[in-house]
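> Throw the hints in and build the complete structure from the sequences for me.
Protein sequences, first through last, are from chains A and B.
Just so you know, the first sequence maps onto residues 1 to 237 in full-length UniProt numbering.
Just so you know, the second sequence maps onto residues 1 to 237 in full-length UniProt numbering.
These aren't lab readings, by the way, just hints derived from the structure by calculation.
Check the hints yourself; a few may be wrong.
[Stated by the list, open to error] Here are the computed lysine-lysine pairs in the DSSO-like style, where the Cα-Cα straight-line distance is at most 30 Å:
{"no.": "1", "chain 1": "B", "residue 1": "58", "chain 2": "A", "residue 2": "205"}
{"no.": "2", "chain 1": "A", "residue 1": "58", "chain 2": "B", "residue 2": "64"}
{"no.": "3", "chain 1": "A", "residue 1": "205", "chain 2": "A", "residue 2": "153"}
{"no.": "4", "chain 1": "B", "residue 1": "205", "chain 2": "B", "residue 2": "58"}
{"no.": "5", "chain 1": "B", "residue 1": "144", "chain 2": "B", "residue 2": "205"}
{"no.": "6", "chain 1": "B", "residue 1": "64", "chain 2": "A", "residue 2": "64"}
{"no.": "7", "chain 1": "B", "residue 1": "205", "chain 2": "B", "residue 2": "153"}
{"no.": "8", "chain 1": "B", "residue 1": "58", "chain 2": "A", "residue 2": "64"}
{"no.": "9", "chain 1": "A", "residue 1": "205", "chain 2": "B", "residue 2": "64"}
{"no.": "10", "chain 1": "B", "residue 1": "58", "chain 2": "A", "residue 2": "58"}
{"no.": "11", "chain 1": "A", "residue 1": "58", "chain 2": "B", "residue 2": "205"}
{"no.": "12", "chain 1": "A", "residue 1": "205", "chain 2": "A", "residue 2": "64"}
{"no.": "13", "chain 1": "A", "residue 1": "58", "chain 2": "A", "residue 2": "205"}
{"no.": "14", "chain 1": "B", "residue 1": "205", "chain 2": "A", "residue 2": "64"}
{"no.": "15", "chain 1": "A", "residue 1": "205", "chain 2": "A", "residue 2": "144"}
{"no.": "16", "chain 1": "B", "residue 1": "205", "chain 2": "B", "residue 2": "64"}
{"no.": "17", "chain 1": "A", "residue 1": "205", "chain 2": "B", "residue 2": "205"}
There are 2 protein chains.
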Amino acid sequence: MTTHDPSGPAAGPETRGRAIPPASVARLTIYLRALNSLLAEGVERVSSEELAEAAGVKSAMLRKDLSYLGSYGTRGVGYEVQLLTRTIAARLGLTQEWRVAIVGAGNLGRALAGYSGFTTRGFEVAAIFDADPAVIGSEVGGLKVSAVMDLEKVLARTGVNMVVLAVPARSAQELCDELVAAGVRSILSFAPVVLQVPPGVEVRKVDMATELQILAYHAQRAQESEQSSQSRARSAR
Amino acid sequence: MTTHDPSGPAAGPETRGRAIPPASVARLTIYLRALNSLLAEGVERVSSEELAEAAGVKSAMLRKDLSYLGSYGTRGVGYEVQLLTRTIAARLGLTQEWRVAIVGAGNLGRALAGYSGFTTRGFEVAAIFDADPAVIGSEVGGLKVSAVMDLEKVLARTGVNMVVLAVPARSAQELCDELVAAGVRSILSFAPVVLQVPPGVEVRKVDMATELQILAYHAQRAQESEQSSQSRARSAR
Numbered sequence: 001m002t003t004h005d006p007s008g009p010a011a012g013p014e015t016r017g018r019a020i021p022p023a024s025v026a027r028l029t030i031y032l033r034a035l036n037s038l039l040a041e042g043v044e045r046v047s048s049e050e051l052a053e054a055a056g057v058k059s060a061m062l063r064k065d066l067s068y069l070g071s072y073g074t075r076g077v078g079y080e081v082q083l084l085t086r087t088i089a090a091r092l093g094l095t096q097e098w099r100v101a102i103v104g105a106g107n108l109g110r111a112l113a114g115y116s117g118f119t120t121r122g123f124e125v126a127a128i129f130d131a132d133p134a135v136i137g138s139e140v141g142g143l144k145v146s147a148v149m150d151l152e153k154v155l156a157r158t159g160v161n162m163v164v165l166a167v168p169a170r171s172a173q174e175l176c177d178e179l180v181a182a183g184v185r186s187i188l189s190f191a192p193v194v195l196q197v198p199p200g201v202e203v204r205k206v207d208m209a210t211e212l213q214i215l216a217y218h219a220q221r222a223q224e225s226e227q228s229s230q231s232r233a234r235s236a237r
Numbered sequence: 001m002t003t004h005d006p007s008g009p010a011a012g013p014e015t016r017g018r019a020i021p022p023a024s025v026a027r028l029t030i031y032l033r034a035l036n037s038l039l040a041e042g043v044e045r046v047s048s049e050e051l052a053e054a055a056g057v058k059s060a061m062l063r064k065d066l067s068y069l070g071s072y073g074t075r076g077v078g079y080e081v082q083l084l085t086r087t088i089a090a091r092l093g094l095t096q097e098w099r100v101a102i103v104g105a106g107n108l109g110r111a112l113a114g115y116s117g118f119t120t121r122g123f124e125v126a127a128i129f130d131a132d133p134a135v136i137g138s139e140v141g142g143l144k145v146s147a148v149m150d151l152e153k154v155l156a157r158t159g160v161n162m163v164v165l166a167v168p169a170r171s172a173q174e175l176c177d178e179l180v181a182a183g184v185r186s187i188l189s190f191a192p193v194v195l196q197v198p199p200g201v202e203v204r205k206v207d208m209a210t211e212l213q214i215l216a217y218h219a220q221r222a223q224e225s226e227q228s229s230q231s232r233a234r235s236a237r
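Given below as structure tokens:
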């Protein structure tokens, strides 16, 4: 049987150096979610077909994605749920502690500060910032809102290594520049604008309208197929 | 030169029936955003290489994605920005009016009601609901908060054809069932749970932690390459 030392492939230099394609990274997060559900149910082994189905992908694609982690699973036996969970988490960088700051204590920042999906996935919200003197010092999600002016000092004190930018489009670039100047290298932005950053800084953008657009595509197709089956029904009469 | 009647390909039965793969649908929304920026700058033509670069994809992939819309662009001349914008929008279902209701007037619901990215992309927020008597009747984003109890009545009156679910995980399935019972067929959920719906109902889930996980992968890789260049520097000494 081929099983792995858990510390092996994720830490091994032969796999560590190889970048995983962006689409595979995104799918690994989906497998991880499915695996965590299986773990919670006490499932110990899962076949690639079962895991692929739980994640909503084809099993060939799942096997391709998992090949970036090294060699896993045994033909006819499947994957050990716990081992695969640990390996994906390690490769995604989720076994280290991520301390998140939220910049912007408006409605979105407050929603994110209270979002249960962050803490259950190992992201601790360690600081929240705002520029409004009326908001600074108030409490949000159990944290005192800090002044954007004190960004560098507070980020250093709280050990933050990841920032979520939840500010309006018009102030996003300015705050992004301040974050970069304060040494932040990983930014998740909810502002509906493209942010310019120097090399070495990673910005990911969440565009909430994109999902509505994708939903619109499916909704329109559903309407069309309804209309065409109605017209078929009419012409059959 | 091969140009198209704008009403042509999007409405043509030969393209309409063909489903676009999910990853291509997602990328079409990115091209649309890039094209809208070009339109705003007054650009009339764009090559596949330029558009691919603006969208952050390889030009072969862009051409493949656009092939689902029918035949576009002329070798050596590129795409007409306005025509391609209209064609993608039509195919994504964005030329019809989408009226959105937000269920949940908490921090996230309020943030979404005020999100400028929705209205600029053609999604009009027409109603907002909550179950809390203290919130019902108050004003959020220019709308009076309706009672969840009146869901069916208000959805019919406001002509809503798409719902954003911005409620806590624990009440998401119950509200989802009520929405389906009220005739809603397109739901975008921000609740970090899997929702069960009958066939014919499309649910898309926005998981905000996924983006943080992808960011963690890149952050960890950046740390590793920094560490390995430091250790190379040490051993070179």
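> Honestly, which of those hints from before does the structure not fit?
Hints that this structure does not satisfy do not exist here, as all of them hold.
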